[in-house]
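**Q** Each chain, written out:
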Amino acid sequence: MARPAHPQAMQPVKPGRTRTAPPTMPPQFPMTGRYRAYTLFDATGFLYLFVGFVALRVVWALGTGSAAWASIQQQLANPLYIGFHVITLAAVCFVAVRFFGLFPKAQPPRIGPAKPPPGPVIVGMLYAAWIGITVLMSAALMGGIS
Amino acid sequence: MSDPPKKTFVITRFDPDVDEVPKTQSYEIAVDPDWKVLDAVNYIKDEVDGTLSHRWSCRMAVCGSCGMMVNGEPRLTCKDSVSQYGDTVEITPLSNFPVIRDLVVDMDGFMDKFKKVKPWIIRAKELAAEDGPVRQSPEELEEFKQFSMCINCMLCYSACPVVSNEPEFLGPAAIALGHRYNVDSRDEGASERNAIFRGEGTVFSCSFANECSEVCPKNVDPAAAVNQAKFNAVIDWATGLVLPSGEKE
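In order, the protein sequence lines correspond to chains A and B. For the first sequence, counting from 1, position 87 maps to 87 in the working numbering; every step adds exactly one. For the second sequence, counting from 1, position 95 maps to 95 in the working numbering; every step adds exactly one.
Hints may be right or wrong, so weigh each one.
Claimed, not checked - Pairwise CB distance ranges (calculated):
(1) Met111(B) / Arg3(A): 21 to 27 Å
(2) Thr134(A) / Ser207(B): 44 to 50 Å
(3) Ala124(B) / Ala128(A): 41 to 47 Å
(4) Val234(B) / Val121(A): 19 to 25 Å
(5) Gln136(B) / Phe99(A): 30 to 36 Å
(6) Ile87(A) / Met60(B): 30 to 36 Å
(7) Phe53(A) / Met60(B): 36 to 42 Å
(8) Asp46(B) / Ala96(A): 31 to 37 Å
FYI, nobody ran anything at the bench for these hints, they're computed from the structure. Cβ atoms here follow ideal geometry from the backbone N, Cα and C, with glycine treated the same way.
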């Protein structure tokens, strides 16, 4: 049986004369069928929240001194931290792929006189930008760009 | 000649005079493989149980009356063949709507939302008849044509998780229709509608589940309309800040 929706969902402003059964949510929501991808997409927000806390901790350690910095680096080498970051990376990739697929829909038919390029071109540009930035950042982190 | 295959239809029943909550009732019937799901429901109504209530009209995916949940998905039952489903087919009224009786949902809430978006052409000044019609190029028509193909079947509302949780949300079809007029070159009422779109719990409540577009039987793509409407509503707001007296264009 589907879960109940908000009792006021799709209720008319002026109630009808007959008693009605309350609205129910779509039966597949939130974790079955296509809703699963949507729910996971939104749930990745929790991971980003935790990543934010980790980043704040790292910045705090950096500002505190070399001992704190060495300590935080040692902590980040812990397999649990590494596992967390691998999961976060997978979540970022998942969100990017879903977002890139939906992004062309959100483009207005025109911005002033300019019309956006066709959907596949927009998606291609997004992937190109993603790959380009990833290559640049990887090169910088590996010391190729100083 | 072999007997026609049998299928069991598990249908949600609700009689407001008797039932506290909806219940299910099963009907095992022989089905013609060429039948649509609506044909099976009509057969049950005509030959098995005359007390079953449901809506239908055109039988050709134009009127939008026969939307129901079939095996958990909002479907236009005159479009789906019975043969695409297994031996058991579960039919329930559209999700997210109050149920009046059996498979009949209360559409008045939908009509209330519809009226809010002013779904008509608004002109700052009406042209005199002798001025002739307002001309529109094929390119201008193309910008909104897709959104004008909606048949108000309400499947998009039934699939939307935001509609389930936020009663104020205008919903996919109403926003798509408002957006359809906003991008119509003959219309001059976009600012009025954008103010409604920016109001409490409206376009920005959409979290882009995209389910409305997935279930739309006419490929209207309401998710595109809602998200384009978000963009236009923000631009309209920003333009209002920059230009004096709300002058635009």
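**Q** So does Asp46(B) sit 31 to 37 Å from Ala96(A), Cβ to Cβ?
**A** Since the Cβ atoms of Asp46(B) and Ala96(A) sit about 53 Å apart, the hinted range of 31 to 37 Å is violated.
**Q** Can you tell me whether the CB distance of Met111(B) to Arg3(A) sits inside 21 to 27 Å?
**A** For Met111(B) and Arg3(A) the Cβ distance comes to about 26 Å; the hint holds.
**Q** Note whether the CB distance of Phe53(A) and Met60(B) lies within 36 to 42 Å or breaks it.
**A** violated, 57 Å
**Q** Quick one: are Ala124(B) and Ala128(A) within 41 to 47 Å, going by C-beta?
**A** holds, 43 Å
**Q** May I ask you to test the hint 44 to 50 Å on the CB atoms belonging to Thr134(A) and Ser207(B)?
**A** Check failed, 27 Å falls outside 44 to 50 Å.
**Q** So does Ile87(A) sit 30 to 36 Å from Met60(B), Cβ to Cβ?
**A** violated, 49 Å
**Q** Okay, Val234(B) versus Val121(A) on CB: inside 19 to 25 Å?
**A** holds, 24 Å
**Q** Range first: 30 to 36 Å. Now tell me if the beta carbons of Gln136(B) and Phe99(A) are that far apart.
**A** Since the Cβ atoms of Gln136(B) and Phe99(A) sit about 34 Å apart, the hinted range of 30 to 36 Å holds.
Of the numbered hints stated above, those contradicted by the structure are hints 2, 6, 7, 8, listed in ascending order.
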